[in-house]
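Visitor: Generate coordinates for the entire structure from the input sequences, incorporating the hints supplied.
2 protein chains.
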Amino acid sequence: MEEFKKSELNEVKRGINRALYDVDKINAILDAGFICFVGYNYNGKVISLPMSYGRIGNKIYLHGSGKNRMLLNLLECKDVSITVMHLDGLVLARSGLHHSVNYRSATLFGKLVEVENLKEKEAILKCVVDQMINGRWEELRPITNLELKRTLVVEMTIETASAKIRNEGAIDEKRDRHLPIWAGVIPIKQVSEYPLRDHLLPEDIKMPDHVLEYYNTHKSNS
Amino acid sequence: MEEFKKSELNEVKRGINRALYDVDKINAILDAGFICFVGYNYNGKVISLPMSYGRIGNKIYLHGSGKNRMLLNLLECKDVSITVMHLDGLVLARSGLHHSVNYRSATLFGKLVEVENLKEKEAILKCVVDQMINGRWEELRPITNLELKRTLVVEMTIETASAKIRNEGAIDEKRDRHLPIWAGVIPIKQVSEYPLRDHLLPEDIKMPDHVLEYYNTHKSNS
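Protein chains in written order, with my numbering: chain L, 1326 to 1547; chain Z, 1326 to 1547.
What the hints contain is simulated information worked out from the structure, not anything from laboratory work.
On a predicted model such as this, the values are computed, not experimentally measured, just so you know.
Copies of the same chain are indistinguishable here, so a pair counts whether it falls within one copy or spans any two.
List of simulated lysine-lysine pairs, DSS-like, C-alpha gap at most 30 Å:
(1) K1514 with K1531
(2) K1338 with K1370
(3) K1392 with K1444
(4) K1499 with K1451
(5) K1474 with K1444
(6) K1451 with K1474
(7) K1384 with K1350
(8) K1499 with K1474
(9) K1370 with K1350
(10) K1514 with K1544
(11) K1499 with K1531
(12) K1330 with K1436
Guide: What follows is the structure, given as C-alpha cells:
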C-alpha cells in the first residue's frame, strides 16, 4: 500500500481515526469527481474557487483561458492546495454538536507548472473532458492548434495529500443514546437526470453511448 | 435591489455576463446549502477546506471544537473568503473547450470574530443545525453550558461578495453548431435517499415530520 508521508502540512489533527494517506484511496476520491476547490493567494487575501480538473497518475491538471486571472495568480503562487469533497449523507444525532455529515474528502498539496508542449496540452485536455464524462473527447470536433495555444494548462504534481472519510451513523454521548429522539442518517447522492438535447441538434443525431452510459450509472435508483 | 459594491476583490473578471452582486440572489445560493469551502493561510500555505455553516442576515457562522486547528488559524488570519457552490449540470458542447457546467456559486469576503456570549452561541448553533435540516434543533436534547463553552463559534460579517450562475445549454463556435455531434446538458442534482434509522432507536420512535419533509423535498423525482 503506497502512502503519502505525514508532515506538518498534510497531517490530519482532528478526527484522526478518519484520516487516511493511502494513494489508491485518495485517487478513488479524486476519480469520483471532476470539480475541485483551489485555494490561492490574491494580493494577500485567500480565495478558494471551484475548477474542473483531470488526474493522470500523480498529476492534477487545471486549465482555463490564457487571460484567466485565477490561473495566472495560481502560477505565481506556485504552492497551492486542492480539495475535492463528496457529500454522502446527513448524520442526525440526538444532540446538536454530534450532528455531522458522511463524506469523502481529499486535500492535495504541490507545486504548479505551466504545460507548454501542444501535444501534451491536447492529451491533458482530453483527460479533463473525460474526467467529467468518460469517452466524450473521441466524439468531439478535434481541437485546433490555435485553441491549444490560447489555453493555459497547469500541472500540479501531488507532493503530499491526505483524505478523510466518514461513513457511519450518529455517534452520541453514552448518556443520550436512549433518549426518545429520532436519530439516523439521510443518505445524499449526486445524481443525473435525463440528458437534454441541444435545440440545434438535427433529429437524426441519436444520444451516443457515452452519454447514455453516464446517465445509466448516475441516475437515481429510488 | 440591494447589491454588494464591486471592488478589486470581488469583481468577477471572466464571464462577466454571468456575474451578480445582488444580495437576495447571493443569499438564495447560501440558503440552498450548508457546506462551504473556507480558504485560509496555514504557515504561508493556502488551504481550502469544507465546513458546515449557517447564515443569519449578513453574517455567516462556522463552529468547531475549541481545539480545531483550522478555526484557530482562521481567527488569526481574520480576513478570509468563503465559497458555496451547487453543481446543476454538465454542459456537453461540440468541441472540448466549450464544455462547461451549469452551477450557482457565491464567494464571500469578510472579517472573522469569535462569538463568546453563550446565549448568542446557542442561537447560532441552532441556525447551523437548522441550515442543514430545518426544524431539527427544537427536537434535540438541549445543549449544555459546558458544550457551549467548549465550542468555538466564529462569525463572519459579509463585507463584499459576488456570485456566478450559469444556467443554459452548450455555446459552441458558430462554425461548429451544425456538426453531427451530440450536444446538450445532463442535469445534475443532489438528492436524498430514504432516511436510515439509528440501530439503537426504540421501535416506537417514528420518523419526525422535519425528517420526512426533508426527504420529500429532496428526493429524486425521476
